[in-house]
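Chemist: Chain residues, written in single-letter form:
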Amino acid sequence: MTEATSSLSASRIGGSETRSISKLDIGLKRRYAAERRFRTYGLVAVTIAICFLVALFGSIVAKGYTAFQQTRISMIVNFDANIIAPDGDRSPAAIMAGNAFRFDDLIAASLQSTLELDPNDEDALYDGLDLLSKGSAPMLRTMIAKDPSLIGTKRNVDFYATGDVDSFVKGSIRADIPESQRLVKDRHIAIIQKLEKEGALRLAFNTGLFTNGASTRPELAGVGVALVGSLYMMLVVLVLSLPLGVAGSIYLEEFAPKNRWTDLIEVNINNLAAVPSIVYGLLGLAVFINFAHLPRSASLVGGLVLTLTTLPTIIIATRAALKAVPPSIREAGLGVGASKMQTVFHHVLPLAMPGVLTGTIIGLAHALGETAPLLMIGMKAFIVEYPTTPFDPATALPTQIYMWATEPERAFTERTSAAIIVLLAFLLAMNSLAIILRRAFERRW
Amino acid sequence: MSAVQVATTFETVRTPDPASRPVKIHAAKVKVTYGQKEALHGVSIDIPEKAVTAFIGPSGCGKSTFLRCINRMNDTIAGARVEGTIKLDERDIYDPDLDVVELRARVGMVFQKPNPFPKSIFDNVAYGPRIHGLARSKADLEEIVVTSLQKASLFNEVKDRLNEPGTGLSGGQQQRLCIARAIAVSPEVILMDEPCSALDPIATAKVEELIDELRANFTIVIVTHSMQQAARVSQRTAFFHLGHLIEEGPTDHLFTNPLEQRTQDYITGRFG
Ligand SMILES: Nc1ncnc2c1ncn2[C@@H]1O[C@H](COP(=O)(O)OP(=O)(O)OP(=O)(O)O)[C@@H](O)[C@H]1O
Ligand SMILES: [Mg+2]
Chain L
1 MTEATSSLSA
11 SRIGGSETRS
21 ISKLDIGLKR
31 RYAAERRFRT
41 YGLVAVTIAI
51 CFLVALFGSI
61 VAKGYTAFQQ
71 TRISMIVNFD
81 ANIIAPDGDR
91 SPAAIMAGNA
101 FRFDDLIAAS
111 LQSTLELDPN
121 DEDALYDGLD
131 LLSKGSAPML
141 RTMIAKDPSL
151 IGTKRNVDFY
161 ATGDVDSFVK
171 GSIRADIPES
181 QRLVKDRHIA
191 IIQKLEKEGA
201 LRLAFNTGLF
211 TNGASTRPEL
221 AGVGVALVGS
231 LYMMLVVLVL
241 SLPLGVAGSI
251 YLEEFAPKNR
261 WTDLIEVNIN
271 NLAAVPSIVY
281 GLLGLAVFIN
291 FAHLPRSASL
301 VGGLVLTLTT
311 LPTIIIATRA
321 ALKAVPPSIR
331 EAGLGVGASK
341 MQTVFHHVLP
351 LAMPGVLTGT
361 IIGLAHALGE
371 TAPLLMIGMK
381 AFIVEYPTTP
391 FDPATALPTQ
401 IYMWATEPER
411 AFTERTSAAI
421 IVLLAFLLAM
431 NSLAIILRRA
441 FERRW
Chain H
1 MSAVQVATTF
11 ETVRTPDPAS
21 RPVKIHAAKV
31 KVTYGQKEAL
41 HGVSIDIPEK
51 AVTAFIGPSG
61 CGKSTFLRCI
71 NRMNDTIAGA
81 RVEGTIKLDE
91 RDIYDPDLDV
101 VELRARVGMV
111 FQKPNPFPKS
121 IFDNVAYGPR
131 IHGLARSKAD
141 LEEIVVTSLQ
151 KASLFNEVKD
161 RLNEPGTGLS
171 GGQQQRLCIA
181 RAIAVSPEVI
191 LMDEPCSALD
201 PIATAKVEEL
211 IDELRANFTI
221 VIVTHSMQQA
231 ARVSQRTAFF
241 HLGHLIEEGP
251 TDHLFTNPLE
261 QRTQDYITGR
271 FG
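Taken in sequence, the protein lines are chains L and H. For the first sequence, position 108 matches number 108 in my numbering, and the numbering has no gaps at all. For the second sequence, position 246 matches number 246 in my numbering, and the numbering has no gaps at all.
Just so you know, the hints here were simulated from the structure itself, not pulled from any lab data. All values reported here derive from a predicted model rather than from experimental measurement. Wrong hints could be hidden among the right ones.
[Claimed, not checked] Within a straight-line C-alpha distance of at most 25 Å, the following computed PhoX-like cross-link-like pairs (lysine-lysine) qualify:
#1 K258(L) to K31(H)
#2 K340(L) to K119(H)
#3 K258(L) to K37(H)
#4 K138(H) to K113(H)
#5 K185(L) to K134(L)
#6 K151(H) to K340(L)
Take the sequences, apply the hints, and build the full model.
Modeler: Structure (C-alpha cells):
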C-alpha cells in the first residue's frame with residue numbers, strides 16, 4: 001500500500017523528483033521504528049505483568065499447598081462401655097454430658113496399646129498424648145454420641161496430630177535445629193518415627209480445612225464457616241444489587257429526562273464507585289447495626305454493606321452495556337409501535353445482557369474479596385458453629401484469611417495461603433462464568 | 001431585505017394535484033426546535049392518500065425532521081419541540097388524548113440504515129402483529145408473516161430460512177425485511193427515510209419497484225437524495241430548503257417546470 005502510494009506520487013511528479021521519494025522513505029522508516037519501539041514496550045509490560053502474576057501465584061501455592069494434606073494418627077480404640085457409659089445410659093445426651101475426661105482415658109488406653117507402652121510409665125504416655133490434637137477427646141465424644149452402637153466395639157479411629165507435629169511431618173519444622181529452639185522435642189520425634197514405621201501416622205487429604213469452623217488449634221481450624229458466610233453474603237448481594245442496579249440503570253439510561261438532576265445523579269454514582277470500601281463499612285455499622293439493630297457479625301449485614309459497594313459497579317456496567325446498544329434498534333422497536341417499555345425489555349435489554357451479566361459477576365467477585373467493610377461490621381469473630389441463616393454470626397473468606405494471617409504458628413501460615421488459594425479459585429470460577437455467560441448471550445446485530 | 005419580502009419569499013409555491021386524491025395527512029405551520037435551534041420554520045403541506053410523496057432538498061434542510069414529526073418519532077429526542085398541527089385523517093396527532101403507540105401502529109417507518117431486530121426473519125415480521133394482538137392464532141400469525149414478506153417481495157428469497165437471523169441477510173434483503181416488518185402491522189401510512197441510500201443499484205431497483213406496488217394500499221412518504229428516484233417512484237414531490245418548504249406539486253410538473261428559482265437551481269444541480 002505504502003509502496004504503491006510512493007511510486008504513484010513519484011510517477012505523477014516525474015522522474016526528476018527523486019528527492020521527494022527519499023524524503024518519504026525517511027519518514028516511513030521513522031514511523032516503522034516508532035511502531036517497533038511501541039510494540040517492544042508493550043511486550044515488556046506484558047512480560048513484567050506475567051512475571052508478577054506467576055511470582056504471586058507461585059509463592060501462594062508453594063506456601064499453601066501443604067495445607068490440603070494433614071497428618072493423621074490412626075489407632076484402634078476400644079469403646080469400653082464401662083468408661084463411656086458407667087451408669088448404663090447410652091443416649092446421646094448422656095454421652096455429651098458427664099465427665100469429658102473419660103474419653104481421654106479411652107485415648108490413653110489405645111495409645112498405650114498402639115505404642116506398646118508400659119502401663120506404669122506415665123511420662124511415655126504423656127509424650128505420646130502430646131502428639132495428638134487437644135480436640136481428640138471431644139471428637140471421640142461427638143463420634144460416639146452420633147453413633148452409640150459403637151459402644152462395646154473396637155474400631156480404628158483417625159486422630160488429628162497437633163499442628164506442630166503436622167509441620168514436622170511436612171518438613172517445615174526441621175529436625176536439625178537445636179532441640180531447645182524446636183517445638184517438637186527429640187522424644188516426640190522418636191515416637192513419630194515409630195508410628196510412621198508402623199503405618200499409624202500418615203498424611204491424608206485435609207477435609208477439615210473445608211468443613212471446620214474457627215479454632216485456636218490450627219489442626220482443627222477450617223474455612224467452613226467462612227465459606228458459608230461468604231455464600232450467604234453473595235446471595236444477599238445478588239438478590240439485592242442485580243434487580244436494583246439493573247432497574248436503576250434502565251431508568252436512568254432509557255426513561256429519565258436528561259436534566260441537571262440526572263446529571264447530578266450520574267456524577268454521584270461514579271463518585272460512589274470510587275469511595276473506599278471501608279467508608280461503606282462505617283456506614284453499615286452506623287445504619288444497619290447501631291440504627292436498625294440488625295445482628296452484629298451476621299452475613300445479612302455483610303451482604304447489605306457489600307450490596308452498597310457493588311451497586312455502583314453494576315449500575316455503571318449496565319449503563320455502559322445499554323449505551324452500547326445501537327439506537328437504530330430502539331427506533332426499530334418504537335417504529336413498529338412498541339411502547340418504550342416493550343422496546344427496552346424486548347430488544348434493548350437482551351442485547352445488553354452480556355454486558356449486564358459480566359458487570360454483575362465482576363461486581364460480585366469484587367464483593368467476595370472485600371475485607372475492610374466486613375472488619376468494620378465485626379465479621380471477624382471467632383465462630384465455631386455453622387450459621388444456619390443469614391442472621392447468624394458468620395465470618396467471610398477474606399476476613400478468615402486476615403485472622404489467620406495474624407497467627408504465629410506455622411500451621412496457620414500454611415492455612416492462610418490455602419484459604420487464599422480457595423478464594424482465588426472462587427474468583428477464577430466466577431470470572432470464567434462471566435466469560436461463559438457473555439458467550440452464551442452474545443448475539444450479532 | 002424587508003420583513004415583508006422575507007415573508008413572501010418563504011410562502012410555499014403549490015401546484016394542485018391533478019388527480020385530486022383525498023388528503024391523508026394535513027400539516028399546518030409545523031415548526032420544530034432542537035434546544036435553541038429552529039430546524040423547521042413553519043411547514044404546511046397536504047399529503048394525498050394512496051400515493052407516493054417524495055421529499056427532496058439539500059442535506060440538513062429538515063426533511064427527516066419533518067418526516068419524523070408524522071409518527072412522532074421526534075418525541076424520543078431530548079430537547080426536540082414540535083409546534084403547529086399535523087392531522088392524520090382529520091385527527092390531530094399531537095392531541096394529548098391520542099396514544100402515540102397507536103399512532104405508530106398506523107404510521108409505520110422504514111429507516112435509512114436497515115435495522116432488523118437481532119432475531120429470526122420470522123420473529124422480525126411477527127413482532128409487530130404480536131404486540132398489537134393482530135393475530136388470533138398461530139396460523140393467523142404465520143399468514144400475516146407470509147403475506148407481509150410476499151408484499152415486500154422477499155418471500156421467495158427467504159422462505160426456506162425463516163428461522164435464521166434477519167441480520168444474516170444482505171443489505172437490500174434486510175431493507176425489504178424492514179419494509180415487511182412495517183407492512184405486517186397493516187399501517188395506513190409508511191414513512192421511508194432514504195430507504196435506498198445503503199443499497200446497491202439492483203437492490204434499489206427492487207425496493208423502488210416494491211414502493212410502486214405498495215402505493216395501491218398505502219400512503220407513502222419517502223425522503224430521497226436522488227432526484228431520479230423521486231421522479232421514478234413519486235406522484236408528488238416537495239422541495240425543502242433551509243427548514244422551509246419551498247415548492248410542492250405533481251412530480252412531473254416540479255421536475256419539468258419548477259415555479260421557484262431555488263427549486264430550479266437544486267434540480268439542475270446548481271447547489272445542494
Ligand atoms: N437530534 C438533533 N438535535 C439537534 N439538531 C438536530 C437533530 N436532528 C437534526 N438536527 C438539525 O436539524 C436540521 C435538519 O436536520 P434533518 O436531519 O432533518 O436534515 P435532513 O434534511 O434529513 O438532512 P439529510 O438529507 O442530510 O438527512 C439540521 O440542521 C440538523 O443539524
Ligand atoms: Mg435525513
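Chemist: Work down the list of hints and note, for each, if the structure agrees.
Modeler: Hints and how they fare:
With a CA separation close to 22 Å, the supplied pair K258(L) and K31(H) stays within the 25 Å bound. Restraint check for K340(L) and K119(H): satisfied, since their Cα atoms lie roughly 19 Å apart, inside the 25 Å limit. Between the alpha carbons of K258(L) and K37(H) the distance comes to roughly 18 Å, so the proposed pair stays at or under 25 Å and holds. Between K138(H) and K113(H) the alpha-carbon distance is near 31 Å, which puts this suggested pair outside the 25 Å criterion.
A distance of roughly 18 Å separates the Cα atoms of K185(L) and K134(L); the hinted pair therefore holds under the 25 Å criterion. For a cut-off of 25 Å, the pair hint linking K151(H) to K340(L) is broken: about 28 Å separates their Cα positions.
In terms of the numbered hints stated before, the structure departs from hints 4 and 6, listed from lowest to highest.
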